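Visitor: Adding 35 to a residue's 1-based position in the sequence shown gives its number in my numbering.
Heads up, some of the hints might be wrong.
[Said to hold, decoys possible] Computed beta-carbon distance windows for the label pairs: (1) Val54 - Val115: 36 to 44 Å; (2) Arg195 - Met93: 39 to 47 Å; (3) Leu133 - Arg62: 32 to 40 Å.
The hints are simulated quantities; they were obtained by calculation from the structure and are not laboratory data.
Computed from a predicted structure; not experimentally measured.
No residue lacks a Cβ here, since even glycine has one placed at the ideal position from N, Cα and C.
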Amino acid sequence: MSATALWGWMVLIALGISVGGVAWRLRGLLARPLRPDRSPARGSAWRGILYAFTMGMMPWAKESTRQHLLPYLRGVLFHVGIFATLASLAVSPWRLSLPAPLAVGGLVLTGIGAAGGLIGILMRIFDERLRALSHPDDYAAVALVTAWQAAGVAFWADPRWMAVFYGLSALTLVAIPVTKIRHCIYFFFSRFFFGLFYGRRAVLG
36 MSATALWGWM VLIALGISVG GVAWRLRGLL ARPLRPDRSP ARGSAWRGIL YAFTMGMMPW
96 AKESTRQHLL PYLRGVLFHV GIFATLASLA VSPWRLSLPA PLAVGGLVLT GIGAAGGLIG
156 ILMRIFDERL RALSHPDDYA AVALVTAWQA AGVAFWADPR WMAVFYGLSA LTLVAIPVTK
216 IRHCIYFFFS RFFFGLFYGR RAVLG
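Full structure from sequences and hints, please.
Guide: Here's what the structure looks like:
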């Protein structure tokens with residue numbers, strides 16, 4: 036068995052571990068008691084939830100993003116790169132048969148994501164306020180995802196980097212439930228309850 040095939044199996048095992056870990060996190064989260072909101076509703080909860088997942092995520096919707104547009108855009112590009120790297124992993128077995136424009140697109144998007152991650156690391160190092168708020172797990176999570184995206188760039192540039200890409204993919208998948216990367220789970224809950232709470236009060240939507 037080649038090193039690439041071996042790492043491919045490792046990625047599948049890592050995916051199973053990641054899904055199991057996420058399910059464990061979700062089970063603990065959903066087991067927590069939900070205190071009902073006893074105040075009378077003045078607006079539509081579902082309109083608030085819809086707003087929270089759409090217009091509420093626009094840069095002008097929050098003061099923090101209105102005043103810090105460039106960091107907001109950096110974060111958007113970083114997360115676009117994450118989705119591009121996930122897509123790269125999904126299509127990786129067919130890398131050699133994919134059309135050239137798709138390979139170029141994958142190279143550009145993963146490269147943008149890796150650049151956004153590197154800028155994020157530098158911001159945490161050199162910005163005094165971010166440095167005060169950051170913990171080792173913050174640096175480790177961003178560094179790991181950035182290295183994974185960089186491996187995606189190398190994979191698109193030269194298929195011989197596939198084994199390295201698979202190795203970092205496996206490590207990233209396993210890290211999701213046990214590092215700050217797991218915020219990808221909590222994000223949906225936080226937006227849901229944000230919209231639910233303020234939608235009922237006719238503040239959103």
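Visitor: Does each hint hold? Answer for all of them.
Guide: Here's how the hints hold up against the structure:
{"no.": "1", "hint": "Val54 - Val115: 36 to 44 Å", "verdict": "violated, 23 Å"}
{"no.": "2", "hint": "Arg195 - Met93: 39 to 47 Å", "verdict": "holds, 42 Å"}
{"no.": "3", "hint": "Leu133 - Arg62: 32 to 40 Å", "verdict": "holds, 38 Å"}
This entry does not satisfy hint 1, going by the numbered hints stated previously; all others are met.
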